[in-house]
Amino acid sequence: MQFPKTPNYSGYFAPSGVEAEVPCLPLIEGEIPADLDGSFYRVAPDPQFPPIASDDIWFNGDGMVTRFRFHNGNVSLQQRWVRTDKFRLEREAGHALFGAYRNPLTDDDSVKGKIRGTANTNVVVHAGKLYALKEDSPPVLMDPETLETLDSSYDFNGRMTSETFTAHPKIDPRTGEMLAFGYAAKGLCTRDMVFYVINPQGEISKEVWFQIPYYCMMHDFGFTEDYVVFHVVPIIGSWERLEAGLPHFGFDRGKPVHLGILPRDGEAGDMRWFSAPTCFASHVMNAHNEGTTVHFDVPMAPGNMFPFFPDTEGQPFEPREAAARMTRWTVDMRANDDDIAMTRLADLVGEFPRIDDRFAGAKNRYGWQLVQDMTRPVDLPNARSASGMMMNTLGLVDLETGKTDTYWIGPVSSLQEPAFVPRPGSSREGDGYIVVIENRLAEMTSRLLLFDALKLSDGPVATLGLPFRMRPGLHGNWVEAAALAPAAAL
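Quick note: to get the working numbering, add 2 to the position in the sequence shown (first position is 1).
Heads up, a few of these hints could be off.
Said to hold, decoys possible - No farther apart than 25 Å at their CA atoms in a straight line, the calculated lysine-lysine pairs in the DSS-like style are these:
#1 K116 with K7
#2 K188 with K114
#3 K365 with K257
#4 K457 with K365
In short, the hints are calculated from the structure, not lab data. None of these values were measured; they are calculated from a predicted model.
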């Protein structure tokens with residue numbers, strides 16, 4: 003078998019297929035803070051077999067979860083595939099059975115109607131359980147210590163009635179609750195959504211069903227002390243697109259964006275919708291409210307950021323319209339109009355925003371993100387590219403002063419999504435570290451970097467070598483050792 007010789011499956015994006023345990027990663031430079039005690043979990047799409055659709059997008063791959071365990075100045079590594087239903091069925095067959103990204107019409111007849119989830123988008127720990135997540139399917143439970151798959155279709159002991167569960171649940175640091183949602187919750191391409199509250203014990207305590215204005219990719223959301231916030235952006239899909247063999251999603255520049263605000267103590271009838279002209283926004287930095295005024299911070303671009311989800315009218319991809327800058331969307335639940343006020347917060351162009359998660363849902367001062375600095379040189383051998391957005395810089399935004407701080411990774415590397423690591427013993431916002439994986443594109447290797455979170459331009463405080471190339475991943479999170487209690491009985 004051979005993977006396609008396309009940009010999405012070759013070069014640095016070639017599947018890795020490595021499951022491993024490494025007890026001690028080599029320290030190349032700097033020093034690992036001896037008091038750090040926790041784990042950085044991340045996940046990447048890493049297909050075990052060549053795809054049925056040779057031109058499929060790169061993130062339609064089996065979830066490969068990595069755990070970097072920090073303890074006593076040492077970092078160990080574990081990496082395992084998530085044993086989803088899809089993974090097991092294809093492993094038994096010895097080849098791919100599930101077809102194109104989010105298109106069940108392309109599946110082999112032997113797996114029609116089976117759960118297609120790949121658990122390749124995010125990994126989150128709550129109530130001692132490790133959730134491997136993909137937004138088109140139920141969560142997969144893994145053992146947070148061994149990375150063994152425990153339940154390939156977890157439904158919260160029968161309480162979850164949605165067919166899907168977001169890959170971006172949020173942990174409220176004040177209540178200990180996990181907030182989540184599912185879209186296409188009653189079936190593919192439906193407008194049905196559900197909001198869930200999972201209590202600190204890991205049980206569903208609230209369920210609210212509603213419909214969104216149109217079916218689209220509902221990838222992320224925000225929450226505040228009093229509200230949950232859902233942004234509807236025109237990355238749309240339909241059965242007609244799937245039947246025509248088109249990508250599941252496409253950008254419809256003719257549709258407006260909407261912002262749905264649901265009181266956390268309310269029901270579907272309490273939700274209010276606001277609207278604005280079309281734009282693009284995917285990941286959420288944070289949200290907070292001041293009384294009935296709700297602020298929602300996202301990297302926003304005037305046009306489509308995703309060339310792999312092309313314009314529905316056939317318009318060519320325009321890189322200038324894809325430049326996303328941190329923007330605050332503001333609405334007032336008492337206002338007589340449904341307008342969204344939008345204020346730019348920083349000029350850095352980029353995505354994958356992160357915060358000090360202890361300030362999630364509250365007014366935060368600091369935010370970190372990957373930055374696409376087009377003024378920097380790119381010097382890759384044989385004219386190879388990073389197959390998409392060249393995130394070559396790590397950025398910090400001070401929302402109080404407007405100042406920014408950045409670190410450029412160099413002309414032959416790019417970066418994966420960062421995560422914030424609190425400094426042990428400190429509760430001050432931003433006092434800690436940023437952990438991030440460097441893609442060394444020219445060398446076809448990877449490194450793990452640790453920065454002082456408020457001094458990015460000083461460079462890494464620790465650089466660790468990885469024994470193999472890590473295929474570019476999507477999302478990950480830092481988890482304190484104290485939160486890694488044994489998984490509760492299923």
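Quick rundown of the hints versus the structure:
| no. | hint | in the structure |
| --- | --- | --- |
| 1 | K116 with K7 | violated, 29 Å |
| 2 | K188 with K114 | holds, 17 Å |
| 3 | K365 with K257 | violated, 31 Å |
| 4 | K457 with K365 | holds, 21 Å |
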